[in-house]
Amino acid sequence: MNFFIKKLLIVIPTLYIAWTVVFVTLNIIPGDPVNLMLGGRPASDEVRENVRKNLGLDKPVFERYTSFLINATKGDLGKSYLTRQPVTTMIKENMMPTIELSIGGLIFGVFFGVFFGIFAGTKPNSMRDTFSMIIALCGISLPSFWIGMMLIYIFGTTLGWVPIVGEGFVSLILPSITVGLFFAGGMARLTRSSLVDVLNQDYIRTARSKGISKYRIVLRHSLRNAMIPPVTLLGIQFGLLITGAVITEEVFARPGLGQLLLQAILAKDIPLVQALVVYMTAVYIFLNLIVDFTYGIIDPRIRLERNRG
Amino acid sequence: MVEILNVSNLSTAFQSDYGSKQALKNISFKINEGEVLALVGESGSGKTVTSLSIMGLLPNNAYIQEGNINLIDKKNNQVNILKLTDDKHNLIRGNDISMVFQEPMTCLNPTMTIGDQIVEVILNHKKISKTKAVKEMIDLLGLVEIPDPTQRAREYPHQLSGGMRQRVMISIALACTPKLIIADEPTSALDVTIQAQLLQLLMKLKNSIVSKTSILFITHDLGIVRELADRVIVMYHGEIVEEGQVKEVFDNPKHSYTRNLIQSLPEFKLEERKLTKKDDNKQTKVDDNEIILKIENLFKEFPVEKGFFKESNETVKAVQNISLNVKKNEVLGLVGESGSGKSTLGKSIIKLLQPSRGQIYFNNENISEYSNKQMIKIRQKMQMIFQDPFASLNPRKNILDTLIEPILVHNLMKKNEAINYIKEIINDVGLPIESLRRFPHEFSGGQRQRIGIARALVLKPEFIVADEPVSALDVSIQAQVLNLLEKLKKTYNLTMIFISHDLSVIEFFCDKVAVMYLGHIVEIAPVSKLFNSPKHSYTRALLSAVPKVKGKNKEKILIKGDIPSPINPPSGCVFRTRCPNPGIDCKGGNIEMGLIEVEPGHWVDQCCVNCN
Ligand SMILES: Nc1ncnc2c1ncn2[C@@H]1O[C@H](COP(=O)(O)OP(=O)(O)OP(=O)(O)O)[C@@H](O)[C@H]1O
Ligand code: SF4
Ligand SMILES: [Mg+2]
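Sequence order for the protein chains is A and B. Once you know that position 248 of the first sequence is 248 in this note's numbering, the rest is easy, because the numbers rise by one and skip nothing. Once you know that position 192 of the second sequence is 192 in this note's numbering, the rest is easy, because the numbers rise by one and skip nothing.
Calculated directly from the structure, the hints in this document are not laboratory data.
Derived DSS-like pairs: lysine-lysine, alpha-carbon spacing no greater than 30 Å straight-line:
1. A:123 to B:88
2. A:214 to B:83
3. B:487 to B:423
4. A:214 to B:21
5. A:123 to B:21
6. A:214 to B:132
7. B:381 to B:415
A short list of chain A residues far from chain B (calculated; beta carbon distances all over 10 Å):
8. 19
9. 29
10. 63
11. 84
12. 96
13. 122
14. 232
15. 247
16. 251
17. 287
So the derived label-pair ranges between C-beta atoms look like this:
18. B:26 to A:142: 53 to 63 Å
19. B:441 to A:265: 51 to 61 Å
20. B:26 to A:126: 25 to 35 Å
21. A:14 to B:560: 50 to 60 Å
22. B:203 to A:214: 30 to 40 Å
23. A:214 to B:255: 38 to 48 Å
24. B:441 to A:25: 47 to 57 Å
25. A:126 to B:88: 16 to 26 Å
26. A:125 to B:86: 10 to 20 Å
27. A:125 to B:259: 42 to 52 Å
28. A:131 to B:560: 49 to 59 Å
29. A:255 to B:86: 53 to 63 Å
No residue lacks a Cβ here, since even glycine has one placed at the ideal position from N, Cα and C.
Take the sequences, apply the hints, and build the full model.
Below, the structure written as structure tokens:
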């Protein structure tokens, strides 16, 4: 069977499990969504009962669980408790800023990660190696919210180079750096170690025996072979990109799926949380599929394996 | 004679945490235009360091202390290579001097097509268009006799066999018609028949298109030196100890190391042994009546591993329908190329692998269906010696613990008795008693193999399978270990199966030889019969492929192509796809394989008997 069809077949059970986990946890944690909806205002039992009925909360847990499933197959993920809007509409409305932020973070992270990785890996144990790896370590260990706030403070408030709030490309720079830094750290470290490894391979010695320049050896002979581990990391870290986006949106007060999710959880808006989680899981899986696909482009040996299967 | 390279007073050292270590001590030599200069010496003698110094490819922790390497480049300028910057050196590498490395499996970039890798070197040094370079590349692939070059050029290294890859490496080295090609053990990792193909190709190219190119051929195989080289340099511990015309050096070696090296060759040992054997005929007594091991129609097939979700009903047919006997005190040699199934057969016999079908009788007891538990008792009597002594020793146990463990497990002796007994054995294998307290990493390759042998002996086995016990060792060490085995065979009254791909080692050590090809035994005969009058086409070709130091070189019987996959071996005679002279019946592939006895004790595959 084709490699990708197989991969796709795993998507449905994964989504199902993710969604079930969310459903169960949200039903276990204490707190009545009706209370939260009423915002603590006193209300008669009758009103409460009405709200409950409206939201479908009067039905037994199991029925709610199955009816969601049935509706989900029809493409209906339910309505938000809070706004009574279909959750899909809410997600669509908030999607763009988050996608922009993620892409920005991804580009920033990959670019700087790979750059510092090469910078360090082509001359291991040198000053520049140490320097790059210290920066990478900072990227990994400093919390994003702190980095975000420092960036705002330095570049926004003190220097005034970039606007802190607002729309458009410029306002995306600082949040992207915030999301990307964490990413960049891991990428840099892995690119470095993998490059050092590759540069010690026999075929690099062969390339050198052909009289090929240093630059070409790194760019043409090493990078491609060295990129497999960092690309894998990329796949794993897409999750971090999403959580990074949630935090960053909060710090920079940007609209987006992160903000939406935060509000939904605080309000115990079960359908919205479910839909968001399912949606983010789907995106995560999809991105990983792309990563799997790029392996084949990077390494012909993997491509061949797949074609044979 | 025009001199193209002159190395003078070259000293190279390695810097390490323990201080610096001298790898080359003041060596000087020259290479003339068009000659083949062989560089021989044991492992670690500095052969590779010499070539890397010339190429400017020494690892970072190495540095050149002094010396000059002068090259006459293509424009007839003299350049001192050691004075060049890396960029300037790049103009010479691949252009004036190129290199073929030892490891065909890892020397090509796995993510570039082989075509691109050849085109790259052409474009790097010649000012021609890409299309023209591609055309040159296809021509080069044709020159190194890669079939279907246009198609192959688009393939990746992992799609090619080791022999093919080495051809690609040669074409890269040839691409700019250099003044000098350095070939560092280019065939050592390959099978003899493939090696013979490549050496013949090299010589053919040498005598045609690159007749002015010199070759610095690094090898540990004196047979190759004899066949190929004009002059030879012998290195020992980083110094050149002998230099001269090949014939001169071989016939009249001056330095004691060279003399030793030549005399420790199994070929020479064999002669000595033939001389002494006459008087001690009674000593090696093979008991004709007592059959220790009898194998009937043994098969071993491995399911083909596929990925996670994939299933497959294909199998690797590693051992096919093998029957043989080993008599008491006899040494049966198993010889064949890599992948022929020698080790699988050896392991199946002592049941480290469970055979797929067939019977194994050990001392008339049918052990083929024995469980691991039942085998424990039998294993006391059947032991194995492995090729890589280090991998098979526990690095965290000292030698005493390693050796005493099996004795205590089998409850053979009390502890202090056992210690004394082990001291005896360690003495027998020629190691000092102090070795018992040391750990595996503190020993050299040859010493580790002695430990491996001691471990096989502690349980006083009757029967030992030795799987390439000397292949990882240098020639001179090889001879010592072989002598030791020979001696122990007598003192311990052993019966052995001795696996090797090295025909001269087999000839030296064994009484009877079985030749394997693609899972089948194609011929079994007493040593002298097999080597003097081989009957099977494969045996003949195999024998002729081995470079010999002594005697005239007979016309080689070259085997075409690569060994077919053991997943889908050819029907009928498995050798028919590469056979130099297949009979008319063979070509169809519908004859059954099976051994028949042509003379007492000499068994040959029946189809081959019919067509020859
Ligand atoms: N990277 C290294 N670091 C330290 N010492 C090294 C290194 N490479 C080689 N040496 C040492 O240099 C000496 C010469 O090694 P070299 O590789 O030239 O031997 P060789 O004759 O090519 O052996 P072989 O037949 O095993 O290839 C040896 O003592 C070896 O231990
Ligand atoms: S049987 Fe025929 S094909 Fe096979 S080795 Fe003999 S001659 Fe060659
Ligand atoms: Mg070497």
